[in-house]
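Q: Residue numbers (numbering that gives the first Met the number 0), protein chains in the order written: chain A, 0 to 329; chain B, 0 to 284; chain C, 0 to 659; chain D, 0 to 152; chain E, 0 to 341.
It is worth saying that the hints were derived from the structure and are not from the lab. Accuracy of the hints is not assured; some may be wrong.
To be verified - Just so you have them, the derived chain C footprint on chain B, three or more residues with Cβ under 8 Å:
(1) 191-200
(2) 272-282
Stated by the list, open to error - Result set (DSBU-like, lysine-lysine): computed pairs, CA atoms no more than 35 Å apart in a straight line:
(3) 120(D) / 52(C)
(4) 274(E) / 28(E)
(5) 145(E) / 463(C)
(6) 460(C) / 48(E)
(7) 246(A) / 132(C)
(8) 71(B) / 49(A)
(9) 277(A) / 94(B)
(10) 248(A) / 132(C)
(11) 49(A) / 141(B)
(12) 68(E) / 48(E)
(13) 248(A) / 79(C)
(14) 460(C) / 203(E)
(15) 502(C) / 162(E)
(16) 45(B) / 193(A)
(17) 347(C) / 305(E)
(18) 79(C) / 246(A)
(19) 153(B) / 277(A)
(20) 396(C) / 130(E)
(21) 240(E) / 251(E)
(22) 347(C) / 130(E)
(23) 12(B) / 277(A)
(24) 162(E) / 463(C)
Remember, it's a predicted structure, so these values are computed and weren't measured experimentally. Idealized CB from N, CA, C, for every residue including glycine.
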Amino acid sequence: MIIKKDRMGALLGTLAQHKTVFVPALIDGVSKFAPYREGLDVRFDLHNTKLPPKDLLFPQTQKMYRYGETAEGGHYVEQFDESSERVLFGVRPCDMRSINLLDDVFLTKGFVDEFYEAQRKKLLTVCITCAAPAETCFCESMGLSPNEAPDADILLKSCEDCYKVTAQTQKGEAALADWRDFLEDTQAQVLPGKTSLRLNFEGVPQKLSRMYEDPIWDEISTKCLNCGTCTFVCPTCYCFDISQENKMKEGVRFRCWDSCMFSEYTAMAGWHNPRPTKKERVRNRFMHKLCFFEERYGKTLCVGCGRCVECCPVALDITRLIDDIGASDA
Amino acid sequence: MSDIQEAMRSRAKELLESGEVNAVIGWEAGRFENQTTPLITSQAAKTQRLVFNEYCVNNLGKYPRDLTAKGKVAIFARGCESRAIIRLLSDEVIKRENVYIIGIGCPGMRDRTTGELLKKCAECRHGDPVIYDEMLGEPQAKPATQERFAEIQKIEALPRAEREAYFTNAFSKCIRCYACRNVCPCCTCRQCFVDQRREGWLGKQNNIAENRFYGLTRVMHVGDRCIECGECERVCPMDLPLMSLNRKVIYDINNLFGEYETALSLDEPPSALTTYKVDDVEEFM
Amino acid sequence: MSRIGVFICYCGSNIAGTVDVEKVAEVARTLPNVVHAETNKYTCSDPGQAGVKAAIEKYNIDRVVMGTCSPRMHELTWRKLLADTPVNPYMLEVANLREQCSWVHKDKEVGTAKAIDLIKMAVAKVDKLSPLKSTQIPVTKRALVVGGGIAGMQAALDIADAGYQVTVVERETSLGGKMVMLDKTFPTMDCSACICTPKMSEVGSHPNITVKSYAEVESVEGYVGNFDVTIREKAKYIDYNLCTGCGACTTKCPTKVINNFEQGMSARPAIYKMFAQAVPAKPVIDAEHCRKIQENKCGACAKICPTGAIHYDDEDKVTTERYGAIVLTTGYQLIDWKPLYPEYGGGKYPDVITGLQFERLVNASGPTEGHILRPSDGKEPKNVVIIKCVGSRDPHKGVAYCSRACCMYGAKHAHQFLDKVPDGRCFVFYMDVRTPGKGYDEFYMNTLQDGAQYLRGRVSKIYKEGDRLVCLGEDTLTSAQIRIEADMVVLETAMVPAEGVDKLGSMLGVTRDKDLWLTEAHAKLRPVETNTAGVFLAGVAQGPKDIPDTVCQAGAAASKVIGLLNHDHLESNPQISRVNEALCQGDGACVNICPYHAITLVQKQFRENSQKITRTVASVNPGLCQGCGACTVTCRAGAMDLLGYTNESLMREVDALCQW
Amino acid sequence: MSMVETTPGAWEPKIVAFCCHWCTYTGADLAGLNRMNYPANVRVLRIPCSGRMNPQYALDALNKGCDGVLVCGCHPGDCHYSTGNYFARRRMLVFKRLLEYQGLEPERFQVRWISGAEAGKFRDTVTEVVEQVRALGPLHLNHELVLSGMEVE
Amino acid sequence: MTTYSYFPGCSANSTGISYTKSADFVCKKIGIELEEIPEWCCCGTSAAKLTSYDLGYALPSRSLALAEKLDASRPIVAPCAGCYAALKDALVYAQASKENLEHVRDMINMPYEASVQVMNLLEVFSTQEAKDALQQQITKPLSAFKVACYYGCALVRPVEVCKFDDPEDPQSMDTIMRLAGAEPIDWSFKTECCGAAQQMAVPKPSRVLIERIFQNAEANGANAIVTACPLCWMNLDMRVKAINKERAEAGKPAFDLPVFFFTELLGVALGGDAKTLGIDVHFQPGAPAFIDQKVKESAQIEEERKLAAAEEARKLEERAAKLAAKKQAKAEDVHSPQGGEQ
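Okay, chain A solo, but in the shape it has when bound:
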């Protein structure tokens, strides 16, 4: 089954009648996933959106509970449920993988995050393979393929002027019913993508686990600004902080993204900070991505999307770090 590229607009229009369909779009110079509407600058040709799709499931600011005192002097707590039926349309294999990783964090090992779970259940994922990865893409080195996305409900394989459509899950199969009018039962040549940037990730997590005290951290952390750019554009960074806004005897508790790059992130009462300097913070970020997560979930937390490589104001480049570690004799 294929869908012609020039039919995509019509498809989105139809889908958007029932659900909110998030598509990659260029808004005000920033590319991100936005709800489809007429006139939106939809861009399936971009390699990766600047902002990852993670806030569909894990918003930057998410209201959790409302609470307060009742007139009788008792208390009440109400949980928010702002989840809705959504389609994530046009996500790339690396971002698809990131959702898989977030699922591990928020749904496994005995911890289930209700807010994440509610939205995750209502999310349909439609992935498009990458025919021409960007110069900063390195998913293949991280064990992914630009041409596959096993976790997607529906997979669109990029061809010359169409996509080859495959439902990969039951949910996807069911969803395709709405697509019927736009699909054609023809064959098309799939354009395979290949990342130009290749790293040697072999053995890196094992080496890293022995490099906690290595001088490399001093060296690379000095130029880091400790801003949150890399963590906020990262599709897999999932740290959050819980805060509240109180009004008299009522309040709202919400959580919002936090960044391990911020000194405040680990600041404790009485000014104690177990990660007092940039070195500890930078080390933690990379260790978490490439080593600690692996130890806990058996997967690497970096999907090779290249966003941090592109966005870092000081070009502190994770790919160089991986290469350097790979080359070191730790």
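Model the placement of chains B, C, D and E on the given structure of chain A, informed by the hints.
A: Positioned in the frame of chain A, the structure of chains B, C, D and E alone reads:
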């Protein structure tokens, strides 16, 4: 430029080997074409990695602040670096004897993908270092190709509602990564007001109101000390028009209290908002 | 969790007339952390206050909101009330329900709604306050007077008579200031020396007064009640314990130096007493001109001294002592008219003299023994021109202000000249004649009757023709060009602040106005206080004035000092700035902005991340800080906060107003 | 401008006035002593000196639902602390321009010097500001928690 | 060689011809070139402003604009004090605000930036460069000249406009005269009004103004008056005859004070003759003879000074030799064995 690069490498090596400085701050090549990244090293061998080309986009001037524990450091400084250093010195963040400034004239830097002159460099009025201990090569005396306040005047000319929409939209895009703050040589507080949860200056939630609070307060905090290096705008992943806010404050100080440009020399007067004149403009009667 | 008590006052019908007080109390009870709210007919009455105390005890209240009249009215009353309870007096916020609510609104619904908001704001603020404690500042019962002129002497005597120790620091070698240079004083024509020198000896011999002559204040540290003042007494080269003041030495000195006391019109030896009645009545050696000290020649004075009091190797003496209060009576000097008025010859004509020179000429103990003889050739001048407002009221050349005393002493000079030179003629050029004071205008009228010719206008030029000085000017009343050939011209020049007062002012945090006169704390209501607590001023240091006003002000300053020294302890205002050293970056932005010089940068040791480090941080002197809070805003990190008006408490007050 | 004329429940402007203790707060008290009438839309927040006025308070007020902010202090030259209002004047000149530049109506942030004797000026200023803000309508800066990365509505 | 744009003014080739000639002579000698502004027009002086201020600004501004066109980097030199004041006043006006400049542009309808500097001749000769050149070129020091430097009113006032010398006791001309070897006397009428503008309308009362200038100069020992303005010069030199006549009638002695342009005396010091410098066309006929006489006296004085200096040098040398001899003797004393034993 390749001459300068050679001179940089040999000077850096000399300085480290002689023990005159304990670290050198410069640039090295990145992985990608026309990409550079700051290089901060104490190893003489690594000085051979130093580069200087038209893509050295980072203002290195704030790094001496992070290296105070190292003792004396050498830094390659163009106009923006030198003014950042003056900013740090005036704010007593670093000591003059701990920084050895090697001046380099700057022809203006370019975007690595488009090859165009960076906006901050087009607006730059002091490409050449304003203080240095030694100078490598000749000053470039590159003129600013952008009128200093053209952007401000353009925005001011918009109807109020359009200005509101323009900035509301900008604040709505902000992801509060604080790259603008962390790169800014004026931002040297031990703890930023945004991190002071107890005082509750602003909430952590990302919405336009809080983002506006952050954005405008940042301007009030740095505006009168801004060196106009434009790094905040360059590093912003959301491309917010941050310099149009900073420069607005400078523009008004200029108009209200007389020609104003900070961090051009070590003995500059106190910043405009920490001083006054009895006969200042009066419009609140 | 705090336990807030809210007390709402009816104020008879003053508040209750427009505000439903009971409803306000009802809402107050629902506010967070409010454990009790009650109303009272008259909260400030004794039963009202007793009720508040009882409630505080009963409900275990730890902070209080008073919904009453303006805090300007009763904030102190409530503080005193709380001082008798377990509640800290600063855990108080007053909601202004009367002056700013019930009295300005007519509609009860509106007034009630606003009153509720005001209570909410107060509750939100008080919730974030912390207890403050005034500290007891000990008072050193000793005063320092800077300046030994008539103002300083009067202040010193008044304070000393009240039983307190006083030190008078005088820059010259004798007390007396400008007054002792004068011949007669208007309008009574008392001999200045006759009324001034007794004061000098009284000061010199008062058991409670120490005179440090030939001395200057070098530095001041500390604050009200506790100023540590370092004074440098210049080397006098004479041991005053041995010297009997016989004066033999001064007769043998071969050196001649221009005599400044005589306004340069005579010479004095290098070892000299400023004038005959000087106090201390002992000479000093002017080291700059002494041949023994400069060239190791001569030594005549030591040879003749019968007591061996002369020591050429004497050195400056620097002492630091603590004082509870300081009075500044630094006085004035005459403006240096020479560079400003080249049209008056700019100093090249010796017969163009200042009023002070005239005082010496006419003084019986002056260089001419009281005969008016002109400096150039010692002849008696017949035609004298007096020009007033030279430098005064002339913003282009001199100063903009009126020097206040010149009209009167100008008239006095005319009178004295006509008195001593009966066949002389005297012309007085004036802009206005200002004679407000007891007996002043009568004096002026007498001068006119003496024959002084007053011409309204300014002299545009003085030039020499032969041995006469031609004065060109205009009589603006007749529009006539005036040309007077004078033998001598007296310039009544402007008073300007004494040299060095700028430095002294900044040392003490006393501001100077645009003309560098020391600024009083309030032009009308605190005329002898300064912005620095414990520092007072009197006399011309504050602005030009004549002797009666100076003496008055000196008495006033003395009474303020006595009032201060009367306390064993002062209670400090605890609502002052506080540094959060953890946040302080030490960039000193706050230091420059503080009008009281209360903030300094200090090096301190901290433990951070298990390391000992030394950092620069700001430090607030609680004795100097007055709690304006200007520093808090310059501090971007908010390291500087104002107790009682903390950032947190004000922000919560705003929140309370906005959000509901 | 009595509030009686307005319909109950209708929107009323909410204005916070930061007043220095020594001059304007005293002037406001005097207005009360003289039984002057002015709209009840203003809530006075007492600060020791206009030099204590941190622009962040104004931002907070405007963000959280105030429709206007008024900052008042002693006349320049009359500051109880001698120089506080001079610093405030500079700060507020710059801050007011910044607010207006990014789109705030000038009437919503105003600064006035009002002495302890100027009860009439206090009343007139408050009345004027309330009416100006009333004419502008409510200020909707108080955005609820919105999803980042999404479009602005 | 420094080049200035030259604004001659209306008197340059008429009553002020001596000024022009002598200035040309001196300028050439010390390497200053004056290039006349093409198409310059009347400066308007005080008369134009009496008609309208706009006219008073427009006239000089036109010439300023022309000078800008000629070469904006060069200052304009106006030898006449009236021209100088008018030009500089117009310049200061246009520089005061953008509106003023715009207004002037509208009036003259020419491109105009108000960027040229306006100088008078005294100012030109007061530059270090000119002073150095003068110093080198002086061949006949004016040692016998005791001159009263008369600046007049317009060169230094109003202060806000001129900003070049002290308005009450200016010194620039005195300095230049001292440089030329003359002795400038200290007197009181340097900047007093000569009444030039009134001499036509109310000659009698205004003669007093001239008379007292002469009187004070003479009383302070001057033997000549020096000016830097063609109007002042004409006024003083021309009218002293009538004044002397009146004085004779009143039984007072006549003034015998020739009046010169400072450039004339500079010219003399640089070796110029009376005719070249225009001294032969003065109103007071005795001027050339005075110059001859004083130049001779000056030469004599110089000769005497030289002799005296030589004598002084000889004495000094003698004293030094004596001292050296003494020292030598002492040194020998010390070194001799006897000395050691003593």
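Q: For every hint, state whether the structure bears it out.
A: Hint check results:
1. 191-200: holds (count 7)
2. 272-282: holds (count 4)
3. 120(D) / 52(C): Not OK: residue 120(D) and residue 52(C) at ~39 Å, beyond 35 Å, violated.
4. 274(E) / 28(E): holds, 16 Å
5. 145(E) / 463(C): holds, 18 Å
6. 460(C) / 48(E): Holds, at roughly 28 Å.
7. 246(A) / 132(C): holds, 31 Å
8. 71(B) / 49(A): Distance ~39 Å between residue 71(B) and residue 49(A) Cα, so the pair is violated.
9. 277(A) / 94(B): holds, 21 Å
10. 248(A) / 132(C): holds, 31 Å
11. 49(A) / 141(B): Satisfied, since the Cα-Cα distance of roughly 34 Å is no more than 35 Å.
12. 68(E) / 48(E): Cα-Cα ~25 Å, so holds.
13. 248(A) / 79(C): With Cα atoms ~32 Å apart, residue 248(A) and residue 79(C) stay inside 35 Å; holds.
14. 460(C) / 203(E): At roughly 23 Å apart (the allowed maximum being 35 Å), residue 203(E) and residue 460(C) satisfy the hint.
15. 502(C) / 162(E): Satisfied, since the Cα-Cα distance of roughly 32 Å is no more than 35 Å.
16. 45(B) / 193(A): holds, 34 Å
17. 347(C) / 305(E): holds, 32 Å
18. 79(C) / 246(A): holds, 33 Å
19. 153(B) / 277(A): violated, 40 Å
20. 396(C) / 130(E): holds, 31 Å
21. 240(E) / 251(E): Holds, at roughly 14 Å.
22. 347(C) / 130(E): The hint holds at about 28 Å.
23. 12(B) / 277(A): holds, 26 Å
24. 162(E) / 463(C): holds, 27 Å
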